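*Asks:* Sequence:
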Amino acid sequence: MNFTETRLRSLVKTLSWRALATLTTMGLVYLFTGEVIIAVEVGALEVVAKLLLFFLHERVWNLISWGKKVAEGE
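Counting along the sequence shown from 1, when you hit position 37 you're at 1122 in my numbering, and nothing is skipped either side.
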């Protein structure tokens, strides 16, 4: 049996990770600059670029069979 993630699952994982990662980026930019506006601008640019890249990354990895196995009991 081969299992793959649905596109919806990949999308939900992408969104939850991006929220955490973008908040981290914004916090770091604020710590370095002390400027809220710059932190928000960098966060906005970063989230758009990395949402797309992560989704594509997940879909490519889903095509690779290495490291996948059938769940126990099936």
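No wet-lab data here; the hints were simulated from the structure.
The structure presented is a predicted model; accordingly, all values stated were derived computationally and were not measured.
By construction, the Cβ of each residue, glycine as well, lies at the ideal position given by its N, Cα and C atoms.
You may find that some hints are simply not true.
Claimed, not checked - DEER-style ranges, computed between Cβ atoms:
#, residue 1, residue 2, range
1, 1104, 1150, 29 to 35 Å
2, 1118, 1148, 19 to 25 Å
3, 1118, 1097, 30 to 36 Å
4, 1116, 1150, 16 to 22 Å
5, 1148, 1102, 26 to 32 Å
6, 1119, 1155, 32 to 38 Å
7, 1157, 1134, 35 to 41 Å
8, 1157, 1137, 31 to 37 Å
9, 1152, 1096, 18 to 24 Å
10, 1126, 1091, 31 to 37 Å
11, 1102, 1153, 17 to 23 Å
12, 1157, 1106, 18 to 24 Å
Claimed, not checked - Straight-line Cα separation of at most 27 Å, DSSO-like style, residue types lysine-lysine; simulated pairs:
#, residue 1, residue 2
13, 1154, 1098
14, 1153, 1135
15, 1098, 1135
16, 1153, 1098
*Asks:* So, for every hint listed, does it hold in this structure?
*Replies:* Going down the list of hints, with the structure as the test:
1. 1104 with 1150: 29 to 35 Å: Roughly 30 Å apart at Cβ, these two residues keep to the hinted range, so it holds.
2. 1118 with 1148: 19 to 25 Å: The hinted range 19 to 25 Å is violated for residue 1118 and residue 1148, with Cβ atoms some 40 Å apart.
3. 1118 with 1097: 30 to 36 Å: holds, 32 Å
4. 1116 with 1150: 16 to 22 Å: Because 42 Å falls outside the window, the suggested range is violated.
5. 1148 with 1102: 26 to 32 Å: violated, 20 Å
6. 1119 with 1155: 32 to 38 Å: violated, 53 Å
7. 1157 with 1134: 35 to 41 Å: Holds - the Cβ-Cβ distance for residue 1157 and residue 1134, about 39 Å, lies within 35 to 41 Å.
8. 1157 with 1137: 31 to 37 Å: holds, 35 Å
9. 1152 with 1096: 18 to 24 Å: holds, 21 Å
10. 1126 with 1091: 31 to 37 Å: holds, 34 Å
11. 1102 with 1153: 17 to 23 Å: With Cβ atoms ~20 Å apart, the hint holds.
12. 1157 with 1106: 18 to 24 Å: At 32 Å between Cβs, range violated.
13. 1154 with 1098: The hint holds at about 21 Å.
14. 1153 with 1135: Since the Cα atoms of residue 1153 and residue 1135 sit roughly 25 Å apart, the hinted pair holds (cutoff 27 Å).
15. 1098 with 1135: holds, 13 Å
16. 1153 with 1098: holds, 18 Å
Going down the numbered hints, you'll see the structure goes against 2, 4, 5, 6 and 12, while the others check out.
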